[in-house]
Structures are given as structure tokens and as C-alpha cells.
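Colleague: Can you join these two chains into the complex? Each is in its own frame, and there are hints to help.
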Amino acid sequence: MTSLEDRLREAYGAVTDPVREDDLPGLYPRHRTRRRARFGAFAPLAAAAAVVAAIGIAVAVPRLASSPGRPAVPAAPGAEAAAPPFALILNRPDSRGDQGPLVVVSAATGRVTGRVPDPRRGTTWYDAAPAGSGTRFVLAATPARGGGLCKPTYLYTLTLSASGASASLTPWTVPVVHAEIGSIAASADGSTVAFAAAPCHSPDQQIGVIRGQTVKTWQEPALLSADSLSLSADGSALGYAESGAGQGTVRVLDTRSAAGSATAASKIVYTYPIGARAPSVTLGAAGTTMYVYWMTGPGGLHLTGTLAGYRIGPGGVQGTLFRRTMPAGLSVSRAGGQVLAWGQGVALYLADPVTGKATRVRAAWTDSWQIFW
Amino acid sequence: MLAGEDRRELLAAVDALPRRQREVLALKYFLDLGEQDIAAILGISRGAVASTGSRALSALARRLGEES
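Protein sequences appear in the order of chains A and B. When we follow our numbering, the leftmost residue of the first sequence carries the number 1, and every step to the right adds one. When we follow our numbering, the leftmost residue of the second sequence carries the number 1, and every step to the right adds one.
If you are wondering where the hints come from, they were derived from the structure by calculation, not from laboratory data. Think of the CB as a built atom: it goes at the ideal place given N, C-alpha and C, for glycine as much as any other residue. Keep in mind that a hint or two might mislead.
[As the list claims (entries may be wrong)] To give an idea of the chain A side of the interface with chain B (calculated C-beta under 8 Å), a few residues:
{"no.": "1", "residue": "9"}
{"no.": "2", "residue": "277"}
{"no.": "3", "residue": "295"}
{"no.": "4", "residue": "331"}
[Unchecked claim] Ranges between beta-carbon positions, derived for each pair:
{"no.": "5", "chain 1": "A", "residue 1": "369", "chain 2": "B", "residue 2": "32", "range": "16 to 26 Å"}
{"no.": "6", "chain 1": "A", "residue 1": "345", "chain 2": "B", "residue 2": "6", "range": "25 to 35 Å"}
{"no.": "7", "chain 1": "A", "residue 1": "165", "chain 2": "B", "residue 2": "5", "range": "49 to 59 Å"}
{"no.": "8", "chain 1": "A", "residue 1": "355", "chain 2": "B", "residue 2": "3", "range": "51 to 61 Å"}
{"no.": "9", "chain 1": "B", "residue 1": "3", "chain 2": "A", "residue 2": "108", "range": "31 to 41 Å"}
{"no.": "10", "chain 1": "B", "residue 1": "15", "chain 2": "A", "residue 2": "101", "range": "29 to 39 Å"}
{"no.": "11", "chain 1": "B", "residue 1": "16", "chain 2": "A", "residue 2": "222", "range": "37 to 47 Å"}
{"no.": "12", "chain 1": "A", "residue 1": "325", "chain 2": "B", "residue 2": "15", "range": "14 to 24 Å"}
{"no.": "13", "chain 1": "B", "residue 1": "6", "chain 2": "A", "residue 2": "106", "range": "44 to 54 Å"}
{"no.": "14", "chain 1": "A", "residue 1": "325", "chain 2": "B", "residue 2": "3", "range": "46 to 56 Å"}
Looking at chain B on its own, in the form it has when it is part of the complex (with noise of 0.2 Å):
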């Protein structure tokens, strides 16, 4: 269970990743949808849903270990 203080680091982190990037987290983890569905629903190709969220995580991770 995450602490409120570490959610709202979560979510600002989130916030500040550009929109596509967002997208795509929030369809992952608050969806559960997978690549596929991802892919058609924001119409872009299944390769870029993976390099999208694989690039939001890498973000995220960076940021999140910065300000740690």
C-alpha cells in the first residue's frame, strides 16, 4: 500500500510526462488493457505502445530516483 505522500510523488511524476506518454500509462494500469487494445484505441502502432510506455516508465523511473 502506498503512502499518500508517495502517490501524490507518483502522480505529479505522471503528470509531468508528455500526453501521448500518459495515455498510454493510464490505459496499462488503469485499464489493463493490453498493447493491442492500446494500439487500436489511441490508433497508433502496437510498436509504438510498447516504446511509448517502455519510455514513460524510463521517465518516470529517472525522476522518481532524482528526486528520491
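Next up, chain A with everything else stripped away, as it sits in the complex (with noise of 0.2 Å):
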């Protein structure tokens, strides 16, 4: 029996190979059999809008293979905290489809302090959230098996102790999220944690905030995504990226807002360069700054990666902090008062938030699956 991801690639090759070069001329040259080659033979645009045409056709070859007969008061910066003491390592999935082990791991030594074991029969760990404090964590856990694709999602707090032991793993009287998450954020006490997630049998997204026994759910207009959450300390402002029309914006929803539509419930403070891509973002964590990152450039290995801090307002950015350059393959999160820039397999960097002085640290953390700090 082949991998699961080879009978993908073999699947997808099979069945899409004579679609392609059918339905799309033009878009691919003659005469070259590797797809990434075509890919890469061509200028960004042509690219992108062969990329764009084929995932159309790729996403939708499964339908046609299946069908019958085809196959408040402003914080200075500086003042915040350093990075926590302790942070989270979640691991890459056993070939089983399995998660491996969530690790604390100590900040100073990058040594394992304690192991989070699943949380009950059945279920693994998915996601997390540092909360402000360095020792608490909003974790996320979902059925390891069954329940097709409408699995629930069960939240828990996580603390540690002084020496980076699980002390203690409570369920949150309130863990019906029915959908599984694809990002989290939590406020500093870890009471009100915002997720962004596909409802069960909906294209579209939703965001949501849970605060005390309350699930409030903002919808994101169809095509568009949220992406990269943060919440302010306090829990009332969440920032996200949103992206999917072209161009990627910044947007910081008011969490006591009515439910309803995103949109309205929140407002563009940023806009990220034309071309940027990969946008992510964090708000400080007096939700008066912002640190965002992306990349520019044609592709491949010549992409360019942006750091940038700005404080930020009602109105809009009022003022920059710092932008520099960056590797590319980064993203943008909090790590206490530090700015976390990881990519996977690339690097991991704090930033300091009033200059951007970036340090790399714990180089052997960086091929993680995911890091929480």
C-alpha cells in the first residue's frame, strides 16, 4: 500500500492530466511533462492564473470522477512583557493521521518541562493559545476518529507550573464548537477565546468569540478568509487578516459587537501592499499596536518577507513603529509582549515591538508542527 499523499498525487494525475491540457489552452506550454515545470516556466500572472484556473479544476475533479459515468487607554509599547517563560509544541501527525504529543518546552533551555496527554479517550489534540500570563493556555481538542467532518471541538485550560508541569487541564463548561477550528486566540485571563472556523456543511467561514457561557458568531462574506487571530489583553478588540478578494486587509472586530456580519462588525485598519501575499498579523497586546508581515515577490525562492509595527487607532494606523525585511515563509503572532515570527522549517524570531530588532532563537523548535508561546 502506497502513502495516502502518493495515492493523492497518483489520483490527481490520473484523472486531471487530460482535463488540463484540453481545457486550458494557452496556460501551459507544449512538449513538458513535470507540472511544476509548466508552473514555473511562466510569469507571475500567467502563473497565478493558471494556478487560480487549476485549482477550479482540481478542487472540482473529484465531482467529475465520481459522477456516473467520469472518473481603551493606549499602552506605550515598550512597556509590555517580555516571552513567556514556557511555550507549546505540537507535533507533525503520525502516519496514522494521528497528532503526536503536545510538549511544554522551557523558553531558556528549549528543554521539554512536562507532556500534555491527550485529553480523553478518543480525542487529540488540534490547536492552542497562549493566554497573557506565560503559564495558561487555551487548548483545543477534537475526536482522533469518527464523526465525519462536523467533529465538535472541545476547549480546555491549561496551566502549567512554576516549572513548566501540566498542573492542571479544565474543560470549558461551554466546548460545542461544531466545526473544527482553524485558528484560535485567547484574551489574557484566557476567558474569552475567538476562533475562526468552516461551519459543518458551509462553504463560507465564521468567526466566533466564546465569553463565559456565550458562543457569538460573526459570518466573513462569501470567498473571503480570516486568518492569523488576536485578541487584545481585555478580549474586546480581535484582529484578523482577511483575504480571498485580491487584496489582504487587516481588520479589528469589536467583540461586544451584535452578532452577525463580520463585515460590519468590524473595521479595515490596514491594508496590505498590492501583490502582498501570505499577509498574517497580531495585535499587541493593549490592541493599539499591530505587527504584520507578508511577502513580495514573483515566487519561488524570490520572495521577500516584510516585518512592519504600526500603532494603531478608531481611524486606522496613526503612526510606524518600524518595517523591515524579513526572510520570506514567515508569519506574524504574539508571544507575550515579543512578535513571534516562525515559518515551518524556516526560522523562529522574536522581534522586540517598538524598534522590530528581530533575534533568532530556538533553531531546533523551528520545524514544529505548530508552536504556541
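Modeller: Next up, the structure:
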């Protein structure tokens, strides 16, 4: 039996090769066989068009194949705390599709200080969000098997001891998110959690906030997606990168607003440069600063990353803290008072929230599947 | 080499995935693109590409395991 990945490659290739050449005249050069070579042979615009078309076809191919007959008070950013003492690392899924163990690691030594077993039989850790204390995290788990694609997400609060061991794991009393969440963020005290998810049987995305016993949701517009969520320390402001309409923006949503439309409940505070790729964002803890990262360039090995910090207010950007070049392939989040810029297999940086000075740290963590710090 | 029935079963399982997961799988296994390229094309972070792809594979493995 070949691996699932090999089977996917073969299935896509077998079914789509006849479709692509006939249905996309002019988009692909003739007499080339390797798909990567075909993609890489074009100017960026044509390549992007080809990829968009290919996505449409490749995403639609299973349908063709399976159909009959065809296969508040602004705080000075410098006053924020340093990076927390512990991080969580979630390792890659194993060959059976399960995720590896969730471990606690010391920021000072890099060593494993604790392990967090799966919360109960048949479930597995899925995502996490650090709270502001440095020893508290909100964890998300889903059933490891069964439940089809409409599995619920169960939330827990993990509290660490001073030595980084798992001291307590407390289930939330309102654990029911009827979807596999895509990104979560927590307030400083861990009492408010925001998430993005594609609800069961729906093609469009929702943003949700759980506070106490209440779950409130806002609908993302069709074809747009929210990613890179972060909450201010008090949980009142939710920042996220919205993309999908040709240009990315950063929106800040007032989590106290009425449920409904995410567009109506949020404001655009930043627009990424035209051509920016893979935008990510994180709010500072006070909600008055924002750190964005994006890539520009023709693609492949020629991309350049940019990390920038801004002061923001109700009207958008109010001033620039810094703007600097970084390696490509990163995304930003917050590690306490520091800006975390991490790219799986690329590098892990902590950046000063005022000057943007970035220090490469913990190379051994770089290849982790997910890091929550 | 996959038999036709196996291929149809696999692609039917792919079809049942959320759209974003199908996109990531198509870009990765059809166009052989790396995570960085996929992130750039879809306008999402590289971490989101990694997690989406892994979740898609995990969901596929579960689904195929259940149905076999």
C-alpha cells in the first residue's frame, strides 16, 4: 500500500491530466511533462491565472471522477512583558493521521518540561492559544476518529506549574463549537476565546467569540477568509487578516458588537501592499499596536518578507513603529510582549515590539508542526 | 497504481473536504507546490497551509479508514 500522499498524487494525475491540456489552451506550454516545471515556466500573472484555473479544476475533479460515467488606554508598547517562560509544541501527525504529543518546552533551556496527554479517550489536541500569563493556555481538541467532517471542538484551559509541568487541565463548560476550528486566540486571562471555522456543511467561514457561557458568531463574506487571529488582552478587540479578494486587509472586530456580519462588526485598519502574499497579523496586547508580515516577489525562491509595526486607533494606522526586511516564509503572532515570527522549516524569531530588532531563537523548534508561545 | 474504484473512493473523500482543504491538497499534490508557494497563492500564512494540509490528510485517513 502506498502512502496517502502518493495515492493523492496519482489520483490527481490520472484524472486531471487529460482535462488540463484540453480545457486550458494557451495556459500551459506543450512538450513539458513535470507539473512544477509547467508552473514555473510562466510570468507571475500567467502562473497565477493558471494556478487559479488549476485549483478550480483540481478541486472540481473529485466531483467529475465520482459522477456516473466519469471517473482602551493606550499603553506604551515597550511596557509590554517579555516572551513567556514556556511554549507549547504540537508535533506532526503520525502515519495514521493522529497528531503527535503536545509538549511544554522551556524558553530558557529549550528542554521539554512537561507533556500534555490527550484530554480523554478518542480525542486529540488540535490547536492552542496562549493566554497572557505565560503559564496558561487554551487548548482545543477534537475526536481523533469518527464524527465525519462535522466534529465538535472541545476547549480546555491548561495551567502550568512554575517549573513548566502540566498542573491542571480544566474543560470549558461550553465546549461546543460544531466545526473544526482553523485558528484560535485567547484574552490575557484566558476567559475569552476567538476562533475562525468553516461550519459543518457550509462553504463560508465564521468568526466566533466564546465568553463565559456565550458563543457569538459573525459571518465572513463569501470567498473571503479570516486567518491569523489575535485578541487584545481584555478580549474586546479581535484582529485578523482577511484575504481572498485580490488584496489583503487587517480588520479589527469589536467583540462586544452584535452577532451577524463580520464586515459590519469590524473596521479595516490596514491594507497590505498590492501584491502582498501570505499576509499575517497580530495585535499588541493593548490593542493599540499591530504587527504585520507579508511577502512580495515573483514567487519561489525570490520572495522577500517584510515585518512592520504600527500604532493603530479607531481610524486605522496612526504611526509607524518600524518596518524591516525579513526572510520569506514566516508568519507573525504574539509571544507575550514580543513579536513571534516563525516559518515552519525556515526560522523562529522574536522581534522587539518597538524597534523591530529581530533575534533568531531556538533553531531546534523551527521544524515543529505548531508552536504556541 | 491505484485501481479505478480505489481512485474514485479517494477522490470522493477529497470531495467531501472543506473547500480550503481541497485547494491546499490540489496545489500540493497536483501542482507539486511547496508550502511557501501555496501560502502566497491562497493568501494565507504558511502555518495555515501546514495545518490545513495536515488536517485534510487526517480527515482523509479517518474517512477512508471508516469506509474500508
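Colleague: Check the following: the C-beta atoms of residue 325(A) and residue 3(B) are separated by a distance inside 46 to 56 Å.
Modeller: For residue 3(B) against residue 325(A), whose Cβ atoms are near 51 Å apart, the range 46 to 56 Å holds.
Colleague: Is the gap between the beta carbons of residue 3(B) and residue 108(A) within 31 to 41 Å?
Modeller: Since the Cβ atoms of residue 3(B) and residue 108(A) sit about 54 Å apart, the hinted range of 31 to 41 Å is violated.
Colleague: I want to verify a distance hint. Is the separation of the beta carbons of residue 16(B) and residue 222(A) within 37 to 47 Å?
Modeller: Distance hint for residue 16(B), residue 222(A) is violated at roughly 20 Å.
Colleague: Please check whether residue 15(B) and residue 101(A) have a Cβ separation lying inside 29 to 39 Å.
Modeller: Since residue 15(B) and residue 101(A) have Cβ atoms about 32 Å apart, the given range 29 to 39 Å holds.
Colleague: Tell me if the beta carbons of residue 355(A) and residue 3(B) are separated by a distance inside 51 to 61 Å.
Modeller: holds (60 Å)
Colleague: Could one say that the CB atoms of residue 325(A) and residue 15(B) fall in the range 14 to 24 Å?
Modeller: Taking Cβ atoms as reference, residue 325(A) and residue 15(B) lie about 42 Å apart, which means the hint is violated.
Colleague: Hold the hint about residue 277(A) up to the distance rule: shortest CB distance to chain B must be less than 8 Å.
Modeller: Since chain B brings a Cβ to about 4 Å from residue 277(A), closer than 8 Å, the hint holds.
Colleague: Using Cβ atoms only, decide whether residue 295(A) comes closer than 8 Å to chain B, and label the hint accordingly.
Modeller: holds (6 Å)
Colleague: Cβ-Cβ distance between residue 345(A) and residue 6(B): within 25 to 35 Å?
Modeller: holds (32 Å)
Colleague: 44 to 54 Å was suggested as the range; check whether the CB atoms of residue 6(B) and residue 106(A) agree with it.
Modeller: holds (46 Å)
Colleague: Tell me if the interface restraint on residue 9(A) is satisfied: Cβ within less than 8 Å of some Cβ in chain B.
Modeller: holds (5 Å)
Colleague: Verify the CB-CB distance for residue 369(A) and residue 32(B) against the hinted window 16 to 26 Å.
Modeller: holds (21 Å)
When held up to the earlier numbered hints, the structure conflicts with 9, 11, 12 and fits the remainder.
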